[in-house]
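Which chain is which? The protein sequence lines are A and B, in order. As numbered in this note's numbering, residues 317 to 784 make up the first sequence, in order. As numbered in this note's numbering, residues 119 to 332 make up the second sequence, in order.
Calculated from the structure, these hints are not laboratory results. What you were told as hints is all true, and nothing was included just to trick you.
Only some residues are given here: those of chain B computed to face chain A with a beta carbon under 7 Å:
#, residue
1, Asp-150
2, Pro-227
3, Val-283
Calculated cross-link-like contacts (lysine to any residue; reagent style SDA-like; alpha-carbon spacing at most 25 Å):
#, chain 1, residue 1, chain 2, residue 2
4, A, Lys-351, A, Arg-364
5, A, Lys-688, B, Pro-142
6, A, Lys-510, B, Pro-223
7, A, Lys-688, B, Thr-153
8, A, Lys-397, B, Arg-129
9, A, Lys-754, A, Val-765
10, A, Lys-397, B, Gly-293
11, A, Lys-351, B, Val-177
12, A, Lys-397, B, Thr-291
13, A, Lys-510, A, Arg-480
14, A, Lys-351, A, His-624
15, A, Lys-754, A, Pro-770
16, A, Lys-510, A, Asn-461
17, A, Lys-754, A, Pro-323
Just so you have them, the derived chain B footprint on chain A, three or more residues with Cβ under 8 Å:
#, segment
18, 357 to 366
19, 498 to 505
20, 583 to 591
21, 605 to 611
22, 614 to 627
Treat the numbers as computed from the prediction; the structure is a model and nothing was measured. Yeah, the Cβ is synthetic: ideal placement off N, Cα and C, and Gly gets one too.
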Amino acid sequence: MSFEPAPFPVAARRELADSQLRVNLRRATTTIRTKRAAVVSELPDWERLREAGRRIKADAIRHLDEHLERLEESVTRAGGKVHWARDGAEAIEIVARVAREHGSDEVIKVKSLATDEIELNEGLAGRGIRAIETDLAELIIQLANDQSSHILVPAIHRNRAEIRELFRRELGVDELTDEPRELAEVARRYLRSKFLSVPVAVSGANFAVAETGAVGVVESEGNGRMCVTLPRALVSIVGIEKVLPRFRDLEVMLQLLPRSSTGERMNPYTSVWTGVTPGDGPQEFHLVLLDNGRTNVLADPIGRDALHCIRCSACLNVCPVYERTGGHAYRSIYPGPIGAILTPQLRGLEQAPTLPWASSLCGACYEVCPVKIDIPRLLVHLRGRVVREVESQGRPDPEAVAMRAFARILASPRRYRAAQRAGRIGQWPLARRGMIRKLPGPLAGWTAVRDMKPIPRQTFREWWEERR
Amino acid sequence: MSSARDEILARVRAALSDVPADEPAGAEPPRDYETSSPLSGEELTTRFCERVADYRANVFRTEEGAIPVAIRETLAAHGARRVAVPADLPDEWTAEIPEPVVDHPPLSPEDLDGVDGVLTGAALAIAETGTIVLDGGAQQGRRALSLVPDLHICVVRAESIVGSVPEAVEALTPGAQEGRPLTFISGPSATSDIELRRVEGVHGPRRLEVIVVA
Numbered sequence: 317m318s319f320e321p322a323p324f325p326v327a328a329r330r331e332l333a334d335s336q337l338r339v340n341l342r343r344a345t346t347t348i349r350t351k352r353a354a355v356v357s358e359l360p361d362w363e364r365l366r367e368a369g370r371r372i373k374a375d376a377i378r379h380l381d382e383h384l385e386r387l388e389e390s391v392t393r394a395g396g397k398v399h400w401a402r403d404g405a406e407a408i409e410i411v412a413r414v415a416r417e418h419g420s421d422e423v424i425k426v427k428s429l430a431t432d433e434i435e436l437n438e439g440l441a442g443r444g445i446r447a448i449e450t451d452l453a454e455l456i457i458q459l460a461n462d463q464s465s466h467i468l469v470p471a472i473h474r475n476r477a478e479i480r481e482l483f484r485r486e487l488g489v490d491e492l493t494d495e496p497r498e499l500a501e502v503a504r505r506y507l508r509s510k511f512l513s514v515p516v517a518v519s520g521a522n523f524a525v526a527e528t529g530a531v532g533v534v535e536s537e538g539n540g541r542m543c544v545t546l547p548r549a550l551v552s553i554v555g556i557e558k559v560l561p562r563f564r565d566l567e568v569m570l571q572l573l574p575r576s577s578t579g580e581r582m583n584p585y586t587s588v589w590t591g592v593t594p595g596d597g598p599q600e601f602h603l604v605l606l607d608n609g610r611t612n613v614l615a616d617p618i619g620r621d622a623l624h625c626i627r628c629s630a631c632l633n634v635c636p637v638y639e640r641t642g643g644h645a646y647r648s649i650y651p652g653p654i655g656a657i658l659t660p661q662l663r664g665l666e667q668a669p670t671l672p673w674a675s676s677l678c679g680a681c682y683e684v685c686p687v688k689i690d691i692p693r694l695l696v697h698l699r700g701r702v703v704r705e706v707e708s709q710g711r712p713d714p715e716a717v718a719m720r721a722f723a724r725i726l727a728s729p730r731r732y733r734a735a736q737r738a739g740r741i742g743q744w745p746l747a748r749r750g751m752i753r754k755l756p757g758p759l760a761g762w763t764a765v766r767d768m769k770p771i772p773r774q775t776f777r778e779w780w781e782e783r784r
Numbered sequence: 119m120s121s122a123r124d125e126i127l128a129r130v131r132a133a134l135s136d137v138p139a140d141e142p143a144g145a146e147p148p149r150d151y152e153t154s155s156p157l158s159g160e161e162l163t164t165r166f167c168e169r170v171a172d173y174r175a176n177v178f179r180t181e182e183g184a185i186p187v188a189i190r191e192t193l194a195a196h197g198a199r200r201v202a203v204p205a206d207l208p209d210e211w212t213a214e215i216p217e218p219v220v221d222h223p224p225l226s227p228e229d230l231d232g233v234d235g236v237l238t239g240a241a242l243a244i245a246e247t248g249t250i251v252l253d254g255g256a257q258q259g260r261r262a263l264s265l266v267p268d269l270h271i272c273v274v275r276a277e278s279i280v281g282s283v284p285e286a287v288e289a290l291t292p293g294a295q296e297g298r299p300l301t302f303i304s305g306p307s308a309t310s311d312i313e314l315r316r317v318e319g320v321h322g323p324r325r326l327e328v329i330v331v332a
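Please take these sequences and the hints and turn them into a complete structure.
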């Protein structure tokens, strides 16, 4: 189910009205933050790992063409088939073709952001194929016809009582408490027959190694292992930015990712496979290398750092904006700070021009990012691009005009004092209880997202003059 | 028709036109992080056992001659009778299983779903993270074998325990280059998808028993 479009300030205001959501989110983000901090502090070399991670991703992205060609060669040599998809529709068609070849009108799915991004399930449904989500949270989202609100825990906005009602209604289970263990058991029983019988699985991947052709899925529940092991055919849809140059690079990523993501020393299961292994697992493997806007991100030498992201979601959990608005306000499968820099670049700035402002630039996201993406720098860079390329479109932009006037005022003490006196007279109908909440006319944009302190009755300079 | 492949690669190259042509691809990152663990011998085994137990898996320490006893007691504790095994498991181990089910010829997924558990060895283990790694080598069988049954009993030899993730990746590299599938297992399957409450056991084996042989 796709997101109804709305600019971030409008969507955020709507979400902020939901106090239950804020309670759920605060509890959840606090829990993960604390766990992450504990396991990160165990590693004395964390900062060196982050730097190594950053350098590995930077090299992968700066030489993406060479690494992709090498990956294709390695996977092909190992018995896999490599496909290239310019957009979501091409990727969906490849999955549909494989399902048809196996005479199946169902596919089982591992949780994957890339497949959510291209709306694979809806695309397959239009071709008469049902995609069954096997991750517990994704299943909840799918059954509720809802939208993900977090990269790692997509159903973070749903509480146990809602999930119990959903399972009762959709899975026909009558006797059910809201105990998470019991709810997980229901999902296990429902999905087990699917794992054992559906012949085609679809996954994403956390990485694909150019050197050896190894593809990996990092997960917790074991649904990933089921999907990449039991079916006859496996299709992995992987964004082109997921390539890692060498097998050895896993020694860095397998330390950075679980600790940043779930706050564990290691996630329960990581599966790594290379093409096809005779007698073990799917005997048919398709790797779909997906562009879908990534080459546009790549074309911006500063913005391309967003492609270093390993989808851990640590930046969401520390973000004061995300913690209050939740994921839905971002209107994208990629919410939070990383979404604010990734979504506008993937879809085009004109499609999500407000997202680079969905931040206070506090920098917490940069501090926790396991591959050191300087998210605040990218936000500021994208704000500049939005103003230049989208909003002004050649016309002088009111903010720029105002800032130029402001600069002239600040350049002269005489003009500054005159402006203060004039402002004090002009502001009296606007200031309420020590705050200006709404400016008139073209200035309204400034106060739409922030309150302003009025000019005080007496400035420090005036106070000083009086006492001299 | 220009193929999707050619078009994507052309777009990538055009997007990267600012990268100097003589900048080599595949530059090594600085590897000044810890590549080996300060622990050795008995310390490694102890750390591994602690970390596995943190995931709420059961750890049973024993010695070479007592492996059959450990297997017998573990099976009894779970009431497991029909237990799947890879074809190359030592006879002394298999002899402890009331009704061993050998994966040769390969069992169907339904057969595997019908057994009480599975008994395997491991390729290696990582002390720092409490992780067991299977690579389809000796005494491990294929991936489905150690996945579908609800109870996984895994025998880990102390000499196969390495300290850190980098040491494990180094040891696994030759096999990975041959294309061996790898499975990293850290505790039983788990989910925290409902209100971030951790629940052990969803789809993978819900119970993990580790027998560590010193």
